[in-house]
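*Asks:* Listed here are the chains, written in short residue letters.
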Amino acid sequence: MPVTADNLLDHVQQLVDERDIKRVLFEYAFHLDAADPAKMLPLFTPDLYVAYGESHGASGPEEYLEVLANNKTGIAAFFAGTSHHVSNVVIDFADTDKATVRSVLYAWHKYNRERPDGIVYAQYHDVFVRTAEGWKIQQRKQLTTGTEQYHARPETLVMAPRKSKET
Amino acid sequence: MPVTADNLLDHVQQLVDERDIKRVLFEYAFHLDAADPAKMLPLFTPDLYVAYGESHGASGPEEYLEVLANNKTGIAAFFAGTSHHVSNVVIDFADTDKATVRSVLYAWHKYNRERPDGIVYAQYHDVFVRTAEGWKIQQRKQLTTGTEQYHARPETLVMAPRKSKET
Amino acid sequence: MPVTADNLLDHVQQLVDERDIKRVLFEYAFHLDAADPAKMLPLFTPDLYVAYGESHGASGPEEYLEVLANNKTGIAAFFAGTSHHVSNVVIDFADTDKATVRSVLYAWHKYNRERPDGIVYAQYHDVFVRTAEGWKIQQRKQLTTGTEQYHARPETLVMAPRKSKET
Numbered sequence: 001m002p003v004t005a006d007n008l009l010d011h012v013q014q015l016v017d018e019r020d021i022k023r024v025l026f027e028y029a030f031h032l033d034a035a036d037p038a039k040m041l042p043l044f045t046p047d048l049y050v051a052y053g054e055s056h057g058a059s060g061p062e063e064y065l066e067v068l069a070n071n072k073t074g075i076a077a078f079f080a081g082t083s084h085h086v087s088n089v090v091i092d093f094a095d096t097d098k099a100t101v102r103s104v105l106y107a108w109h110k111y112n113r114e115r116p117d118g119i120v121y122a123q124y125h126d127v128f129v130r131t132a133e134g135w136k137i138q139q140r141k142q143l144t145t146g147t148e149q150y151h152a153r154p155e156t157l158v159m160a161p162r163k164s165k166e167t
Numbered sequence: 001m002p003v004t005a006d007n008l009l010d011h012v013q014q015l016v017d018e019r020d021i022k023r024v025l026f027e028y029a030f031h032l033d034a035a036d037p038a039k040m041l042p043l044f045t046p047d048l049y050v051a052y053g054e055s056h057g058a059s060g061p062e063e064y065l066e067v068l069a070n071n072k073t074g075i076a077a078f079f080a081g082t083s084h085h086v087s088n089v090v091i092d093f094a095d096t097d098k099a100t101v102r103s104v105l106y107a108w109h110k111y112n113r114e115r116p117d118g119i120v121y122a123q124y125h126d127v128f129v130r131t132a133e134g135w136k137i138q139q140r141k142q143l144t145t146g147t148e149q150y151h152a153r154p155e156t157l158v159m160a161p162r163k164s165k166e167t
Numbered sequence: 001m002p003v004t005a006d007n008l009l010d011h012v013q014q015l016v017d018e019r020d021i022k023r024v025l026f027e028y029a030f031h032l033d034a035a036d037p038a039k040m041l042p043l044f045t046p047d048l049y050v051a052y053g054e055s056h057g058a059s060g061p062e063e064y065l066e067v068l069a070n071n072k073t074g075i076a077a078f079f080a081g082t083s084h085h086v087s088n089v090v091i092d093f094a095d096t097d098k099a100t101v102r103s104v105l106y107a108w109h110k111y112n113r114e115r116p117d118g119i120v121y122a123q124y125h126d127v128f129v130r131t132a133e134g135w136k137i138q139q140r141k142q143l144t145t146g147t148e149q150y151h152a153r154p155e156t157l158v159m160a161p162r163k164s165k166e167t
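Protein chains in written order, with my numbering: chain A, 1 to 167; chain B, 1 to 167; chain C, 1 to 167.
Bound conformation, chain A alone (with noise of 0.2 Å):
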């Protein structure tokens, strides 16, 4: 749709929340590589959820920050360093205060222990809300694309037309 003195407004208005929702994407992986926990939650609803699987994933603040923080499986305990890079954003919006944020992250992950570095090639599918603070994220599903000497084998959610060719 050509933009118009009529449409003017409402292109705009998209323009900026799509900038601002990048932002929060942007925001996410920077505290998640300073290891700051505290900062990422206030990037999510109070009614998030947030899957790292098929069949596991957090709900709500409280569980969210045990994942991130708990000291012995947290992000900080088990690694030394992370890198995470956010491309390829997709923004389609349900209406004026709803999106769904489809995007694709490469992760570095340095180990705390001797090992190898790990690569996580992912797709995050988003659900953000526009809030009385800004667009927040309120689902957040990671499909992994796939891995490099990571220390997890994450479920692969992408790509099932190939899988089948791998059986």
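In silico lysine to aspartate or glutamate, EDC-like type, Cα no more than 20 Å apart, as pairs: (1) A:Lys22 / B:Glu27; (2) C:Lys136 / B:Asp92; (3) B:Lys22 / C:Glu18.
Hints in this document: simulated from the structure, not taken from any laboratory.
Based on the hints, put chains B and C in the right spot on chain A.
*Replies:* Just chains B and C now, kept in the frame of chain A:
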């Protein structure tokens, strides 16, 4: 050129066009990683030309589909999975309906057979045109910067100044 | 702040500025990968400062050009090729003509001599200013998150909270 009431519509139209063009880049990567050539083709114009090297490429959707979907050499036949990360997108409009678009690619490839995963570093140099169905890729030239453990030795077209140093 | 007729021009000016700032980041990477320092310098202001670590950096275009183009230690002398992937760009405007810009870097380096390719994970923390010729980088601080098989051991400045864990 500062944004003024007089040029406002043009500025916003250009921002919207840039957003739409980037989306095509990201949809391409998404459908490629899903090994779904049928969804990649509509991102191109009927007179598409896709160059993979100095000497070979595909002209038109039929040839391109054969490259992508061939059951011996196509993407799903060759790779168990891929992850394409597109960034550094720079867009120049030749006119309101045509743009040259440059981006940078990191592409991970997991093979169907036993061998180390292959990485490709490349640049996409694209020509986009506005059609009745939105922006589409008319020409795509992939210039390979380098590879790691990739099965094919691509013609390296980037970094010409350095090539002379290597001889 | 919602987009209204009253703040519309400001919103669009900011979106245009952000687009222009991101372009500078990507042009920098492009010319760096082309080993073309002469095209990198105009992306910076005359009073540029580029810091590569806590203890060393370049002040002004002459010093910076020497770093980039030195025929023994410069980019073309050292690397047969590089690929710089910049993402996660977050922009904060100090005022209408100045912005702090944070981004994340994945950089691949192929050496001129026989040794494995080196990867650098880093963050750029930049100060941009608006000049008569557009947005330029006034200050750039590169904080290294980690490396793989890189020839130099960078001072790791990211992830301070984790550092204490390692000791």
